[in-house]
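Full structure from sequences and hints, please.
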Amino acid sequence: MKRLQLQSLGLYTLLTLMIWGAFSCAKPEDLLEGTFINVQTDLLVNPMTIQVLNYDGGEVPKDISVTAYGADKDQIFTVLGERELTLSYSNADKNAAFLSLAVRRIVEFDEQDPLEFTLKFEAEGYMPLFRTFRLMNKADRRMQSIRMLPVGSSLDGLNQETLSIQQGSNGTIGQHSARTPSADNNQRVNIEIAPNTRMMDSNGKTVSGDVEAYVVSYDYTNRMTNKVAPASLFANNARAKSGESLGQLNFAPVAIYSIDMYGAEGEVKQFDKPVKVQVEIPSGTPHPETGAPIKPGDELEAWSFNESIGDWQEEGRASVISENGGKLVAEFEQTHLSTWFFGGRRFCNPPTQFFIENVNQPQNGPQTFYHIEVINTLNGNVVGTFDNTRFYDGEVITLIVPANFQNAPAVVQFEIYQFEGDATPLYTSPLFAPCGDQLTINLDDVLAPPPALGTTFFVDVAGTCSSTFSNLVIKPTLPIQFRPSGSLIWNPLGWLDEGEGATMALEKGAYYDFRISYRTLERCVFNLQVPTADSTVIIESSVYNYGPGMPFMETIDVDYVDTDNDGIEETVFFNYTNINVPDQACQEYIDFLNAPIN
Amino acid sequence: MIRALSLIKPMILLLCLTAAVKGYAQSEALRPLDTGRHSLGIFMGSTALIGIDYIRPIGPKTWLRSCFSYMDFNVRDWETNLNRYEQYASINLSVRNSSLNLLVDHLIVPKLNLRLVTGIGLFLMNDFSGSIKLRDPLKINDVYFEPDELGYVYGGLRYNLKFNPYFGVALGRLVHPSRRLSVSLDIGTFYKGAPEIFINGTALIRNNEHNAEILTNNMSGYRWFPVFNLRFGYSIDHKDNP
Numbered sequence: 086m087k088r089l090q091l092q093s094l095g096l097y098t099l100l101t102l103m104i105w106g107a108f109s110c111a112k113p114e115d116l117l118e119g120t121f122i123n124v125q126t127d128l129l130v131n132p133m134t135i136q137v138l139n140y141d142g143g144e145v146p147k148d149i150s151v152t153a154y155g156a157d158k159d160q161i162f163t164v165l166g167e168r169e170l171t172l173s174y175s176n177a178d179k180n181a182a183f184l185s186l187a188v189r190r191i192v193e194f195d196e197q198d199p200l201e202f203t204l205k206f207e208a209e210g211y212m213p214l215f216r217t218f219r220l221m222n223k224a225d226r227r228m229q230s231i232r233m234l235p236v237g238s239s240l241d242g243l244n245q246e247t248l249s250i251q252q253g254s255n256g257t258i259g260q261h262s263a264r265t266p267s268a269d270n271n272q273r274v275n276i277e278i279a280p281n282t283r284m285m286d287s288n289g290k291t292v293s294g295d296v297e298a299y300v301v302s303y304d305y306t307n308r309m310t311n312k313v314a315p316a317s318l319f320a321n322n323a324r325a326k327s328g329e330s331l332g333q334l335n336f337a338p339v340a341i342y343s344i345d346m347y348g349a350e351g352e353v354k355q356f357d358k359p360v361k362v363q364v365e366i367p368s369g370t371p372h373p374e375t376g377a378p379i380k381p382g383d384e385l386e387a388w389s390f391n392e393s394i395g396d397w398q399e400e401g402r403a404s405v406i407s408e409n410g411g412k413l414v415a416e417f418e419q420t421h422l423s424t425w426f427f428g429g430r431r432f433c434n435p436p437t438q439f440f441i442e443n444v445n446q447p448q449n450g451p452q453t454f455y456h457i458e459v460i461n462t463l464n465g466n467v468v469g470t471f472d473n474t475r476f477y478d479g480e481v482i483t484l485i486v487p488a489n490f491q492n493a494p495a496v497v498q499f500e501i502y503q504f505e506g507d508a509t510p511l512y513t514s515p516l517f518a519p520c521g522d523q524l525t526i527n528l529d530d531v532l533a534p535p536p537a538l539g540t541t542f543f544v545d546v547a548g549t550c551s552s553t554f555s556n557l558v559i560k561p562t563l564p565i566q567f568r569p570s571g572s573l574i575w576n577p578l579g580w581l582d583e584g585e586g587a588t589m590a591l592e593k594g595a596y597y598d599f600r601i602s603y604r605t606l607e608r609c610v611f612n613l614q615v616p617t618a619d620s621t622v623i624i625e626s627s628v629y630n631y632g633p634g635m636p637f638m639e640t641i642d643v644d645y646v647d648t649d650n651d652g653i654e655e656t657v658f659f660n661y662t663n664i665n666v667p668d669q670a671c672q673e674y675i676d677f678l679n680a681p682i683n
Numbered sequence: 003m004i005r006a007l008s009l010i011k012p013m014i015l016l017l018c019l020t021a022a023v024k025g026y027a028q029s030e031a032l033r034p035l036d037t038g039r040h041s042l043g044i045f046m047g048s049t050a051l052i053g054i055d056y057i058r059p060i061g062p063k064t065w066l067r068s069c070f071s072y073m074d075f076n077v078r079d080w081e082t083n084l085n086r087y088e089q090y091a092s093i094n095l096s097v098r099n100s101s102l103n104l105l106v107d108h109l110i111v112p113k114l115n116l117r118l119v120t121g122i123g124l125f126l127m128n129d130f131s132g133s134i135k136l137r138d139p140l141k142i143n144d145v146y147f148e149p150d151e152l153g154y155v156y157g158g159l160r161y162n163l164k165f166n167p168y169f170g171v172a173l174g175r176l177v178h179p180s181r182r183l184s185v186s187l188d189i190g191t192f193y194k195g196a197p198e199i200f201i202n203g204t205a206l207i208r209n210n211e212h213n214a215e216i217l218t219n220n221m222s223g224y225r226w227f228p229v230f231n232l233r234f235g236y237s238i239d240h241k242d243n244p
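If you're matching them up, the sequences are chains G and X in order.
With our numbering, letter number 465 in the first sequence gets 550, and the count goes up by one each step, no holes.
With our numbering, letter number 200 in the second sequence gets 202, and the count goes up by one each step, no holes.
Simulated from the structure, these hints should not be mistaken for lab results.
Treat each hint with caution, since some may be false.
Computed footprint of chain G on chain X, listed as stretches where at least three residues anywhere in the stretch have a Cβ under 8 Å from a Cβ of chain G [unchecked claim]:
hint, segment
1, 65-77
2, 195-207
3, 216-229
The structure presented is a predicted model; accordingly, all values stated were derived computationally and were not measured.
Where a beta carbon is used, it is the ideal one built from N, C-alpha and C, also for glycine.
As structure tokens, this is what we get:
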């Protein structure tokens with residue numbers, strides 16, 4: 086009996102040990118000790134950011150609204166998934182606003198099936214501005230700058246005439262005419278409004294009372310015109326006069342103008358009698374279809390920008406006549422107002438492409454952005470400007486610029502500048518045709534960083550939620566803007582991808598402003614000197630604090646490293662990873678994720 | 003199922019081994035406790051959705067068991083809110099834990115029908131994996147995000163040791179002296195070695211694979227896999243062995 090008890094005791098002990106072995110060892114919470122969860126912020130992908138400036142660099146209007154048009158307008162959101170495209174403004178820098186566009190991850194687009202849309206920017210007292218976009222690559226993030234132009238403002242490159250029109254019960258009282266002043270491009274626009282012309286808004290409702298008219302001729306030889314021009318000079322889906330779809334078109338404008346009229350009862354958009362428009366054509370201007378100089382008896386296509394669809398629509402053909410003194414004039418009668426041009430079209434598919442070779446900038450390496458101007462060498466006109474292009478190794482750049490005339494020869498080239506406004510280009514490309522050309526561009530030497538630059542800055546950013554959410558690490562994906570202190574225009578410093586980024590655009594010891602403008606995340610740091618040695622930079626948070634009088638401080642560790650042991654510390658690590666995000670911020674994020682389904 | 007079929011060759015080998023031991027045991031002619039019967043059984047429990055075994059006495063109080071435990075299954079799109087959350091989750095699970103086992107049962111307390119069981123199991127797969135994601139699209143601002151856009155967590159646990167020693171006890175009879183049917187309960191544990199954890203996420207929770215190493219380290223003590231199996235046996239030589 087005793088033996089049985091001992092046997093049983095031994096067995097039960099063994100059993101207990103086995104169960105203990107199987108189920109104990111650690112408490113469940115101990116199993117998670119040391120773990121942390123990386124949380125990404127790129128709910129949607131952000132293929133394009135648009136910087137909105139005032140035409141003169143002054144304060145940008147606060148009430149800018151943005152409307153999307155085009156086939157893919159429903160695919161465009163803010164980076165927070167909002168349909169209403171809201172800009173980010175900063176109280177610390179009121180001279181620039183940013184629009185961060187986003188598309189869903191599941192939306193596919195490429196060269197064969199690009200994302201096509203047009204954005205209209207409008208603000209009270211400013212000219213509406215349409216920009217057409219064709220995005221072909223989700224991975225290549227684009228930056229674009231536009232400038233808002235107040236109605237009636239005077240600007241180099243815009244030739245403008247203002248006209249006051251009196252109306253009676255039967256429409257306009259008497260005949261009215263206006264003619265833009267002489268311009269550098271020798272183009273003057275003249276309009277004539279017949280007596281008793283009834284003016285109407287876009288719905289056909291009569292606009293009575295006096296009307297202020299603005300006739301503007303756009304001189305596209307001026308660089309600024311590209312920024313403030315009312316519409317892009319290509320179409321994602323142009324329309325024939327009948328409304329039939331014509332698809333993608335590049336335009337070769339000879340003259341571009343807009344007529345805007347505003348009364349106390351609204352904006353005039355149409356008339357019951359046509360308005361006669363005449364545009365002077367400089368002698369020797371090539372015909373867009375033949376390339377031969379335009380002569381009397383020729384016809385030019387007349388196109389208007391259809392603001393209801395956000396794309397260009399064919400209106401008919403303007404006749405070229407010879408006025409007194411032998412001046413050439415293109416003449417057309419139009420019954421509605423918007424932006425118009427006389428010229429020609431070109432199916433530009435495939436567009437011209439460049440294959441970039443640049444050892445200085447691997448695709449996933451340090452980022453440096455450049456400003457591009459595209460020049461028609463026949464007349465020196467700037468036919469396009471592109472902000473913030475990287476030219477990374479292996480990049481394929483598709484260029485969409487106005488085609489100068491049918492079967493255009495290789496007369497176009499582009500120039501690369503470090504910053505917009507620089508006097509001397511870093512590089513001038515070979516001549517190419519505006520459509521269908523393919524060139525391999527080697528930038529190994531010309532874009533090698535100058536001695537003052539050449540330092541690689543690796544930036545690592547991560548925010549760890551403190552106390553309650555100590556194992557939640559936020560890894561932001563967003564662009565950082567920068568500018569030399571004192572400059573007005575922001576340039577992209579680079580993209581943080583999952584909290585990591587690298588740039589070669591900073592100079593040791595130089596002073597810069599930095600800005601993050603990503604929908605509701607708006608941060609500015611001004612006049613920050615790039616440390617020349619290991620150091621710690623402390624920044625006071627403009628958003629969060631621990632309580633009244635207890636600012637939340639952020640610390641950046643700057644470490645210089647001689648990575649190749651040549652005695653030069655050419656690599657710098659900006660370690661911004663020990664950010665203890667206040668619980669308030671983490672709670673906001675948790676609340677956001679836990680928001681009830683609407 | 004295909005993975006389970008891969009165990010067929012080792013299973014045949016196991017049966018041959020058992021048969022060889024059978025010949026040796028019969029030559030000993032030791033059957034003092036009505037234990038000298040062959041038995042076939044089925045069992046189920048923590049290591050087997052269903053298992054089959056063949057039992058052969060190899061001593062007066064000792065049996066040899068060769069078992070096949072089928073433990074491969076998938077759970078697809080199991081929807082639950084865990085009675086806690088507003089959102090429903092969709093859970094997938096995969097268990098690959100089928101095994102061939104060779105066990106030795108030794109009767110140590112006849113009055114209690116208590117046996118000590120030791121042996122070894124061959125686990126060819128030995129892993130458990132799963133994923134969890136939201137079941138329904140989630141509206142954030144103006145977008146209904148598909149669950150895959152938001153991301154999901156996937157991971158699992160793998161034991162790299164293919165031969166797992168077994169230790170345990172068993173209650174009840176493998177064979178009954180007067181009946182064909184018998185019932186017994188196995189309680190024990192397989193030693194599986196330290197588990198290897200793999201875990202990651204997609205979309206918003208991507209790049210979390212670093213946690214695998216931490217969890218593997220934290221769970222290095224979890225080397226024993228509990229076994230609770232209920233067995234029903236059927237004596238196949240009842241008449242020859244009264």
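Going through the hints against the structure:
{"no.": "1", "hint": "65-77", "in the structure": "violated (count 0)"}
{"no.": "2", "hint": "195-207", "in the structure": "holds (count 3)"}
{"no.": "3", "hint": "216-229", "in the structure": "holds (count 11)"}
When the structure is compared with the earlier hints, a violation turns up for hint 1 alone.
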